[in-house]
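Visitor: Now for the letters of each chain:
Protein chains: 2
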Amino acid sequence: MAPHPLDGLSLEETHKARDIVCGLHSEHNVFFREIYLDEPKKALLRKYLTAEHSGQPLPSIPRQALCQYDVLDGKGGVQSQESIVDIDTGKRVEHIIVPEEHHASLSIPEFRYLVNAVAESKLFADAVAELKLPEGFEVVVEPWPYDGLGADEENNRYFQGLCFGRDTRQNNPDSNFYAYPLPLIPVMNAKTKEIVRVDRLPTGGDQDGLQDETHKPNVLDHCVGADYVPELLPNGPRTTLKALNVSQPDGPSFSVNGGLIEWEHWRFRVGFNPREGATIHDVHFQGRSVMYRLSISEMSVPYADPRSPFPRKQAFDFGDGGIGSATNNLKLGCDCLGVIKYFDGVIMAANNTAEVAPNVVCLHEQDNGIGWKHTNWRTNRAVVTRNRELVVQFIITLANYEYVFAYKFDLAGGITVETRATGIVSVVNIDPGKTSAYGNVVSPGALAQNHQHIFCVRLDPAVDGYENTVVVEESHPVAVGPKNPAGNLYEVRKTPVEKSQWIDAAARHNRVIKMVNQDKKNPISGRNVSYKFTPVDTQLLLAQPESGQAQRAQFAQHHVWVTKYADRELYAAGRYPLSSKVEKGGLSDAVKRNDEVANSDVVVWSVFGLTHNPRVEDWPVMPAEVHQINLRPADFFTANPSIDVPSNVNSASVLTNGSTAANGVNGSNGTNGHAGCH
Amino acid sequence: MAPHPLDGLSLEETHKARDIVCGLHSEHNVFFREIYLDEPKKALLRKYLTAEHSGQPLPSIPRQALCQYDVLDGKGGVQSQESIVDIDTGKRVEHIIVPEEHHASLSIPEFRYLVNAVAESKLFADAVAELKLPEGFEVVVEPWPYDGLGADEENNRYFQGLCFGRDTRQNNPDSNFYAYPLPLIPVMNAKTKEIVRVDRLPTGGDQDGLQDETHKPNVLDHCVGADYVPELLPNGPRTTLKALNVSQPDGPSFSVNGGLIEWEHWRFRVGFNPREGATIHDVHFQGRSVMYRLSISEMSVPYADPRSPFPRKQAFDFGDGGIGSATNNLKLGCDCLGVIKYFDGVIMAANNTAEVAPNVVCLHEQDNGIGWKHTNWRTNRAVVTRNRELVVQFIITLANYEYVFAYKFDLAGGITVETRATGIVSVVNIDPGKTSAYGNVVSPGALAQNHQHIFCVRLDPAVDGYENTVVVEESHPVAVGPKNPAGNLYEVRKTPVEKSQWIDAAARHNRVIKMVNQDKKNPISGRNVSYKFTPVDTQLLLAQPESGQAQRAQFAQHHVWVTKYADRELYAAGRYPLSSKVEKGGLSDAVKRNDEVANSDVVVWSVFGLTHNPRVEDWPVMPAEVHQINLRPADFFTANPSIDVPSNVNSASVLTNGSTAANGVNGSNGTNGHAGCH
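Chains as they are written, first to last, in this note's numbering: chain A, 1 to 678; chain B, 1 to 678.
Just so you know, these hints were derived from the structure itself, not from any lab.
Quick caveat, the model's predicted, so the values are computed rather than measured.
One thing to keep in mind: the hints can contain errors.
Remember, identical chains collapse to one label, so a pair may be satisfied in a single copy or spanning two.
To be verified - Here are the simulated SDA-like cross-link-like pairs (lysine to any residue), alpha carbons at most 25 Å apart as the crow flies: (1) Lys41 to Val198; (2) Lys193 to Trp377; (3) Lys42 to Asp86; (4) Lys41 to Pro523; (5) Lys581 to His476; (6) Lys521 to Ala437; (7) Lys499 to Glu130; (8) Lys494 to Gly433; (9) Lys483 to Gln557; (10) Lys242 to Val654; (11) Lys216 to Val391; (12) Lys581 to Val198; (13) Lys532 to His627; (14) Lys75 to Arg157; (15) Lys42 to Arg92; (16) Lys434 to Gln518; (17) Lys532 to Gly287; (18) Lys434 to Pro482; (19) Lys408 to Asn630; (20) Lys242 to Gly287; (21) Lys408 to Val391; (22) Lys408 to His627; (23) Lys122 to Gln518; (24) Lys520 to Val472; (25) Lys584 to Asp567; (26) Lys521 to Gln207; (27) Lys242 to Ser651; (28) Lys16 to Lys434; (29) Lys520 to His284.
Input sequences plus hints: build the corresponding full structure.
Guide: Here it is, written out as structure tokens:
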């Protein structure tokens, strides 16, 4: 069966694309970074999807692959290129030589080179020897992008390694080396694969100067182990928590057909690519179009320690290297509960061979409390229903940190994009007994530096059609007067967005962003149909505007961006943020086009931040910090779309009196019975 | 067994208190509004709790009841009084004559008087006759407090009735009469129990004037039924949603002993009183004190339609009448899922007789997604745990609206106070074909008026002890300079609150409220132990400052209030907001005391708002709108307190391929197996 235009490339297709490119560069060696589906241009895909939904004959869509690779000239020269190839015809459709100002995304092999180069570097060995590590400790090198200040003047390609000591006496490869930060950062030139220098890190506290390399020997002696794997916990896992099981004895309510998912009036496709992770396409509810595409566009994590070389710590966790290799296999853990469907992805592995990345996306239903309720107090008749959600989730690990992303669809026509930050905070060595204004000592000798996580979610609306208008709606007080004699009136103001621009959150004005179809009115209210969300006032990028960190992450400085659709314009910080000097081809450039965006193919980008000043409770692994964007229908439907959800009593719920048999002072003698909800 | 000082009064104790008061007023008739526990003064209760926690002999605490009642002089005079009586000694301890400027809280009998008075009123019958209701329709009167502009100049006590038509031809007492709003409001003098006037309501739209009483006959002809009870749904309940069951085969992890609840290091008491609903007391984690008391203090729902008499619509859903009679019996519906423990309350019913209000509070565990996760990418070893929460929940129905309140305790030491607004929006009649800037037409002929819901949660911290300091912490950018050469530094500023005051949210500065113990330092970080929350920037009261609505709800104008503890100072809008002219004895008065609050018995009040401009999807019953306050430990613990939560695979979770048997394009052949989490 032919793949759907939005299906990711199979292993076979990926290798076919690779072979096409190799054939075009037969005189050179080629190293493939990534190969994945080049999503069809919207003008074409719209036609296809419209035909698909209306049962018309389907137009043919070229099946194209985006190939990102290095061409090696054999004399040490490396050129970054991209080719779009047509898998069926075997021809190249587009050929891009990546301009030299840009750095192609990082790859796992380059991380391995760094680790090997460090292992072979005398420069590094000497630096370690100065440290006098305790017996039994070996060095762990954690490769990082070399970001924050951009590349150097010659635009060399570097990687840096954050270093830790691992206590091998624990005889466990998962003992937590982050508890033993080493004050060294080796820097590798990616072209020569050589360690060109080893930065000595300051380890002082509040009383020490900015340049202070206290950097004494015995830097780990005051550090303390902090394990999280259960077999290394001092007292083992707790035994008090009783099981809580979620089951669906009649199976799930969703159906899956390839990438097509249907559930309770929702119909959409899930995709996966190694740049963005899970993507959502062609979202319909009761046969009406809602969203063309949803995705996590980018995130940046700038660190706020001013001491050299820490300003170089600024990851772009999607753009630096794509998240393909960072995506968790969700079967290996306990990431989902209940009845679960997994989806695989395809990513380039080593040696120009693609492989299946199994279980990178999971799908399941979950209960999220009361959906709606009303009791007629006269008759005491209560009707209450549960809010069931359908969750599409993926999780990425970037070195120390984890991010859980979920698209949640609910019974009332709402879509929530949820982010959870967890994992291990980034720590650097600090002298014994010292504290620092640049972070918090979360473990003896380990300073967790202050930083921010700023995310951008891309929303491509298609509310009852592909041409929408973004309207900013606010509620404002009104002075007392003839129109407001009692002073209780407030007025709702609506301002359509005419030109591409950024907009900040303003919850004090109840500023709501509506994605409106100007040509479709709700038959009940007479107002235009729309979907809306309230951008949350969160703190955005704090770095100074002229700083490298701010220049590279201009997207991170405003809460909402409104742009006119352009094919392949998906990445808030641009296509090549790795070691960038400035954000290029991202949102700041997009709005400068000053496009007319009213009643057009408009795209909305939602940005939110988490300023993270670590607390001791974040150690050794932080409890998940949650943020949500709630997309909700606003006059899209003619009533609550979940009004017909059954309100049966759930036969599996039971009463309890708690573990002891006492009554409440005013309490009932609870008996085992049935209560709860469907 | 003697009751705990925080246990609510039993039926017997309530009647005993009543009899004591009756004995003191033997020459008069007394009508009791409410009788409930007068919580012990904090100076006494602290001693008791400290002794309890340390296993010392318990001091004796008087068992006192707060009785609120009317004394009728037999000549039509009614005086509102309160007495605190000692149940054991039988003596009155305090006697308060409620000042005449205040109105005692409303009671259900008064609501019945209104309904009866309307039924007997010729004035009202004539007004209805003008309307020419369709055949088969009867009038439903929904009693409301008479608020918004305060009482009249003589400070008469009034109630108003919102009127609707019920279609009796449906032969169902729960057919939705809100779909048929009648443009009449009868007003009853509560003393004489007579209908003194019938307000005719404007029914015009945007083109009509403020005073427009279009008010034509046949006002219901263009209205359309909108039922929510399943037997009246046009197509019945849907059958596609499959069951999702939550079970705990080994029972719950919590234990209950009277009002005492213990769960995963948490230990606290749950109380219930008819003013505030469920309250939380004496919260400890791993034997350390966290909170003295948590409660929902007040909420106000002001309506923003400027046309007379709509400015009178402003409910104080806790303070107007207490929520005792409004509290849902949670067994009658499907409000909780899983293994559930219910608690009863005691409230005054008719004829000065108390009764048990069964199942007004429920307790259960629930899963809330991933708690924490880390994967060592080198070994692929993933450790992931689930975030389990313990939920204490109660639900109130105020005429058309429902509010669900939940206190949620999690495994990482966090406490969340969650509010869900659901139920039926308040609608008024609007002429056919018209729309209005004052709201949204959600059903033909039914205009849902714009309004706000503003809530106040009272937090009485006891972080490692009863004397705490509130510290405001913010993160600010720093100019480029010698201390910030790369421009990436931001600084964290902490300002202790010295005097009682209000503070607004400022998420742009990452303004965080910390409740700190100045005398206890975290041994790892050296910083003071604390609990914190980030006040969310939400829109607060929009009514003009000089308006009745704003004067009465001054608490609703700022996000955070910090006051010095005073016994019985529990109610943000004061003790008597019903028909008040101005907020008295609420938060605005409390901060005017200008008390010294640093390192003292300080109380924090969190205020948040939901500006509700109704959408058609809110009809006929609105999907729940959710808000949360997240209290989180900050350097209170020496590590993540949930690090030892087991990460076992959950044996009840299963794989599925979805309802169809196809593979994903890149999909795996899911087989029935086991995956998921504990």
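Visitor: None of the hints should be skipped; say for each whether it holds.
Guide: Going down the list of hints, with the structure as the test:
With identical chains, the CA atoms of Lys41 and Val198 are never at most 25 Å apart, being 46 Å at best within one copy and 64 Å at best between copies. Proximity of Lys193 to Trp377 under the C-alpha cut-off of 25 Å is restricted to the inter-copy arrangement: shortest distance 22 Å between copies versus 75 Å within a copy. For a Cα distance limit of 25 Å, the shortest separation of Lys42 from Asp86 inside one copy, 17 Å, qualifies, whereas the shortest one across copies, 77 Å, does not. In this homomeric assembly, Lys41 and Pro523 never come within 25 Å of each other (Cα to Cα): the closest approach is 34 Å inside a single copy and 58 Å across copies.
Taking the shortest alpha-carbon separations for Lys581 and His476, only the inter-copy value of 24 Å comes in at or below 25 Å, while the best intra-copy value is 41 Å. Taking CA atoms no more than 25 Å apart as the test, Lys521 paired with Ala437 passes between copies only; the shortest distance there is 16 Å, against 55 Å inside one copy. For the homomeric pair Lys499 and Glu130, neither the shortest alpha-carbon distance inside one copy (59 Å) nor that between copies (53 Å) is at most 25 Å. In this assembly of identical chains, Lys494 and Gly433 lie within 25 Å of each other by CA distance solely across copies; the values are 22 Å between and 56 Å within a copy.
Proximity of Lys483 to Gln557 under the C-alpha cut-off of 25 Å is restricted to the inter-copy arrangement: shortest distance 23 Å between copies versus 39 Å within a copy. Proximity of Lys242 and Val654 under a CA criterion of 25 Å is satisfied in both settings, with 15 Å inside one chain copy and 19 Å between copies. Taking the shortest Cα distances, Lys216 and Val391 never come within 25 Å of each other, neither inside one copy (50 Å) nor across copies (50 Å). Proximity of Lys581 and Val198 under a CA criterion of 25 Å is satisfied intra-copy only: 22 Å inside one chain copy versus 72 Å between copies.
In this assembly of identical chains, the alpha carbons of Lys532 and His627 lie at most 25 Å apart whether taken from the same copy (17 Å) or from different copies (17 Å). In this assembly of identical chains, Lys75 and Arg157 lie within 25 Å of each other by CA distance solely inside one copy; the values are 17 Å within and 95 Å between copies. For a Cα distance limit of 25 Å, the shortest separation of Lys42 from Arg92 inside one copy, 20 Å, qualifies, whereas the shortest one across copies, 79 Å, does not. With identical chains, the CA atoms of Lys434 and Gln518 are at most 25 Å apart between copies only, with a shortest distance of 19 Å across copies and 61 Å within one.
Within a single copy, Lys532 and Gly287 get their C-alpha atoms as close as 19 Å, which meets the 25 Å cut-off; across copies the closest is 45 Å, which misses it. For the identical chains of this complex, Lys434 and Pro482 are inter-copy neighbours only, at 22 Å across copies versus 65 Å inside a copy, given an alpha-carbon limit of 25 Å. Proximity of Lys408 and Asn630 under a CA criterion of 25 Å is satisfied in both settings, with 9 Å inside one chain copy and 21 Å between copies. Taking the shortest alpha-carbon separations for Lys242 and Gly287, only the inter-copy value of 21 Å comes in at or below 25 Å, while the best intra-copy value is 43 Å.
Taking the shortest Cα distances, Lys408 and Val391 sit within 25 Å of each other both inside one copy (5 Å) and across copies (22 Å). Proximity of Lys408 and His627 under a CA criterion of 25 Å is satisfied in both settings, with 13 Å inside one chain copy and 17 Å between copies. For a Cα distance limit of 25 Å, the shortest separation of Lys122 from Gln518 qualifies neither inside one copy, at 67 Å, nor across copies, at 50 Å. When the C-alpha separation of Lys520 and Val472 is checked against a cutoff of 25 Å, the pair qualifies only within one copy, where the shortest distance is 18 Å, while the shortest distance between copies is 48 Å.
Proximity of Lys584 and Asp567 under a CA criterion of 25 Å is satisfied intra-copy only: 16 Å inside one chain copy versus 61 Å between copies. For the identical chains of this complex, Lys521 and Gln207 are inter-copy neighbours only, at 20 Å across copies versus 65 Å inside a copy, given an alpha-carbon limit of 25 Å. In this homomeric assembly, Lys242 and Ser651 come within 25 Å of each other (Cα to Cα) both inside a single copy, at 20 Å, and across copies, at 13 Å. In this assembly of identical chains, Lys16 and Lys434 lie within 25 Å of each other by CA distance neither inside one copy nor across copies; the values are 58 Å within and 62 Å between.
In this homomeric assembly, Lys520 and His284 come within 25 Å of each other (Cα to Cα) only inside a single copy, at 16 Å, whereas the closest approach across copies is 55 Å.
Figure legend: structure checked against the earlier numbered hints; hints not met, in rising order: 1, 4, 7, 11, 23 and 28.
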